[in-house]
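Undergrad: Model the full assembly from the supplied sequences, consistent with the hints where possible.
Protein sequences, first through last, are from chains A and B. Note that the numbering used here numbers the first sequence so that position 119 is 119, with each residue one more than the last. Note that the numbering used here numbers the second sequence so that position 295 is 295, with each residue one more than the last.
Check before you lean on any hint, since a few could be wrong.
Note that the list lumps identical chains together, so a pair holds whenever it fits in one copy or between two copies.
[As the list claims (entries may be wrong)] Here are the simulated DSSO-like cross-link-like pairs (lysine-lysine), alpha carbons at most 27 Å apart as the crow flies: (1) 104 with 30; (2) 31 with 104; (3) 184 with 277; (4) 319 with 30; (5) 332 with 320; (6) 319 with 332; (7) 184 with 203; (8) 245 with 203; (9) 296 with 241; (10) 332 with 179; (11) 227 with 241; (12) 277 with 242; (13) 171 with 184; (14) 104 with 143; (15) 245 with 179; (16) 227 with 245.
Treat the hints as calculated values from the structure; they're not laboratory data.
Protein chains: 2
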Amino acid sequence: TLSEIATMAGVTPSTVSRALNPAASHLLSKKTSERILALCDHVGYRPSLLARGTATGFTYKVAMILHDMEKDLNAHDWNRITCATSAFLQESGYSLVLLRTSEKGTSMDMQVSHFLMSGIADAYITSPSMLKNNTLEMLNSLKSPLFVICEHGVPFPVSDGVLRSDADAFKQVWSRIPKEMHGKICFLSTINDNTQRLLTNIKRAAWDLGIDANNAISTLSLARTSKVPAMEYAEAYHQTKKMIKSFNQFDFVWCISDFFALGVKDALTECGRCPGKDVFILGYGDLETFPGVSEKPVLSTISANTHEIARNMCSVIMKKLDGEHTDIVTVKSSFISRSTF
Amino acid sequence: TLSEIATMAGVTPSTVSRALNPAASHLLSKKTSERILALCDHVGYRPSLLARGTATGFTYKVAMILHDMEKDLNAHDWNRITCATSAFLQESGYSLVLLRTSEKGTSMDMQVSHFLMSGIADAYITSPSMLKNNTLEMLNSLKSPLFVICEHGVPFPVSDGVLRSDADAFKQVWSRIPKEMHGKICFLSTINDNTQRLLTNIKRAAWDLGIDANNAISTLSLARTSKVPAMEYAEAYHQTKKMIKSFNQFDFVWCISDFFALGVKDALTECGRCPGKDVFILGYGDLETFPGVSEKPVLSTISANTHEIARNMCSVIMKKLDGEHTDIVTVKSSFISRSTF
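TA: Pasting the structure below:
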């Protein structure tokens with residue numbers, strides 16, 4: 001027990017308790033907490049989370065509520081945010097629970113309501129698919145605070161969370177594009193994709209710099225054959241080759257994703273153009289630094305700074321759970337210049 | 001409280017408790033449990049999970065321990081298993097916690113040990129990256145049962161879980177290949193990929209049918225440029241076109257993944273061959289039924305039956321937690337014939 005460990009270590013029980021609590025161990029010297037931890041490891045002792053929960057009223061869990069779980073966890077940005085959030089939460093002694101909802105009224109949807117009403121976690125994070133599917137109403141049953149990661153231009157449905165803002169990165173891109181290139185820029189996305197918002201933000205950044213965005217940038221749409229990132233490369237590559245005449249009218253291809261940009265890059269290269277020299281390509285998502293994608297990233301891109309998003313998200317959650325006042329935190333995206341622009 | 005709800009519903013408190021417990025609600029008539037649930041919803045009542053945990057000693061959590069969290073959740077098979085497991089657990093009133101470990105001795109690794117020793121969950125599932133990285137030793141600190149999903153041919157490190165077996169599917173494939181094609185079959189994978197085991201299993205299936213596997217199937221390796229599924233299509237497509245002479249020696253291309261197979265299919269088609277007619281292509285993973293990939297799957301493939309794996313995994317876990325005897329359950333893969341073979 002705690003008091004036995006305390007006696008063995010020659011400290012008070014509350015010192016042992018602090019050493020074992022990641023959120024409180026900074027109150028002790030590193031040497032003391034390491035000594036106590038080594039002793040606990042030696043005898044295989046940890047206070048049960050259930051007992052601790054009963055004493056403090058905390059579950060030490062943060063739940064992420066997902067609607068399209070397969071898609072969300074497979075999307076590179078959200079995958080990275082989930083993984084980094086899990087790591088930051090663990091540093092604070094918390095862990096991440098996944099809750100998978102479904103259409104309203106289904107058994108899976110009811111099970112999640114059930115969990116929420118039973119206080120399964122101390123705080124909740126919604127995923128992009130929850131926001132897209134307007135399933136936020138189920139979150140009304142929450143007894144605990146709800147946190148959201150929203151993109152600039154999307155209404156922020158609650159009072160806490162992280163706002164992603166591309167505005168400064170987009171301005172940086174515009175200020176690097178020579179004026180002679182205006183009118184020869186295309187924004188590449190798919191038909192029926194929810195890209196209008198992104199294009200609006202790109203144009204707004206141009207207007208802020210006094211650029212006539214409507215004349216500077218055109219749109220080029222690809223037929224959508226698949227909805228997973230894994231097949232976007234193939235879509236962009238093959239369709240760029242087919243539509244090469246349209247592409248040859250442009251000197252700058254601003255792509256909605258890095259997968260698109262990589263497909264465009266390979267197709268244009270095969271058609272005799274030289275990305276970074278006679279044609280410029282910009283992606284979105286910083287895919288090439290995703291573990292295992294590329295040892296030597298070449299694509300110029302915009303990074304949403306997923307690590308910073310997760311760090312700020314966890315910090316806001318921990319503050320809120322400590323009873324401190326919190327606000328929406330803005331995390332700015334970064335323009336990353338590599339070979340293609 | 002529970003007894004107030006019971007009085008309002010005119011039933012005993014234990015009936016209310018059963019109606020609210022997904023694992024016990026089958027003991028009541030559907031009508032009764034629906035009536036009680038509607039009443040609880042109306043007054044916004046659910047017993048707190050913390051209180052229930054204190055009473056029963058259960059956390060009602062199953063933790064999945066991941067080493068390369070980003071890669072595991074991004075790999076289609078594991079993504080599907082994770083999502084389906086989460087859904088099946090929810091049906092039993094359990095939820096899935098993600099624990100993210102790191103290299104031995106790091107702070108993240110210690111945090112996970114900490115969680116395990118505190119009894120964060122009632123049962124644990126390891127992920128492929130945990131097994132690959134030989135990080136299983138940290139699981140020694142577990143007080144609760146550990147479950148593993150292993151592939152046939154990989155040593156099964158614990159006594160419970162699900163064994164994936166491709167043997168029957170591979171035999172089905174071999175029995176469909178005409179004898180004249182033996183010697184014109186290639187197994188396509190990447191250099192340095194851990195594919196030896198899969199090839200061994202493919203050959204073993206041939207031998208079981210009396211086929212001289214060493215003469216029937218050759219290997220063809222692609223240079224590996226990336227380790228994520230998202231770029232495998234591009235690798236296979238471009239390298240097939242470059243190595244078209246090698247490919248033209250074969251009538252049957254047996255690919256290590258569906259992404260590879262799709263890339264090969266598109267490249268061979270462009271080079272004038274007709275998949276399904278004068279060349280046969282087989283993938284692995286049933287990627288095209290992943291949400292959003294393809295409305296009309298064409299690729300012949302082998303499905304690992306991830307939904308069945310998850311269903312059996314949850315059923316074994318629940319049995320074990322009920323104190324029943326459990327064994328390793330084998331889930332067989334299926335051969336799915338579509339247009340390309």
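Undergrad: Against this structure, judge whether each hint is valid.
TA: Do the hints match the structure? See the list:
When the C-alpha separation of residue 104 and residue 30 is checked against a cutoff of 27 Å, the pair qualifies only between copies, where the shortest distance is 19 Å, while the shortest distance within a copy is 50 Å. For the homomeric pair residue 31 and residue 104, the shortest alpha-carbon distance between copies (20 Å) is at most 27 Å, but the shortest distance inside one copy (53 Å) is not. Proximity of residue 184 and residue 277 under a CA criterion of 27 Å is satisfied intra-copy only: 15 Å inside one chain copy versus 44 Å between copies. Taking identical chains as interchangeable, the C-alpha atoms of residue 319 and residue 30 lie at most 27 Å apart only when both belong to the same chain, with a minimum of 23 Å there against 43 Å between chains.
When the C-alpha separation of residue 332 and residue 320 is checked against a cutoff of 27 Å, the pair qualifies only within one copy, where the shortest distance is 22 Å, while the shortest distance between copies is 48 Å. In this assembly of identical chains, residue 319 and residue 332 lie within 27 Å of each other by CA distance solely inside one copy; the values are 21 Å within and 48 Å between copies. Taking identical chains as interchangeable, the C-alpha atoms of residue 184 and residue 203 lie at most 27 Å apart only when both belong to the same chain, with a minimum of 15 Å there against 56 Å between chains. In the homo-oligomer, the alpha carbons of residue 245 and residue 203 lie at most 27 Å apart inside one protomer (25 Å), although the nearest pairing across protomers, at 48 Å, exceeds that limit.
For the homomeric pair residue 296 and residue 241, the shortest alpha-carbon distances inside one copy (25 Å) and between copies (23 Å) are both at most 27 Å. Proximity of residue 332 and residue 179 under a CA criterion of 27 Å is satisfied intra-copy only: 26 Å inside one chain copy versus 61 Å between copies. For a Cα distance limit of 27 Å, the shortest separation of residue 227 from residue 241 qualifies both inside one copy, at 20 Å, and across copies, at 26 Å. Proximity of residue 277 and residue 242 under a CA criterion of 27 Å is satisfied in both settings, with 22 Å inside one chain copy and 25 Å between copies.
Taking the closest pair of Cα atoms, residue 171 and residue 184 come within 27 Å of each other only inside a single copy of the chain (18 Å); across copies the shortest separation is 56 Å, beyond that limit. Only within a single protomer do residue 104 and residue 143 lie at most 27 Å apart by alpha-carbon distance; the minimum there is 20 Å, versus 38 Å between protomers. Only within a single protomer do residue 245 and residue 179 lie at most 27 Å apart by alpha-carbon distance; the minimum there is 23 Å, versus 48 Å between protomers. Only within a single protomer do residue 227 and residue 245 lie at most 27 Å apart by alpha-carbon distance; the minimum there is 26 Å, versus 33 Å between protomers.
Every hint from the earlier list agrees with this structure, and none is contradicted.
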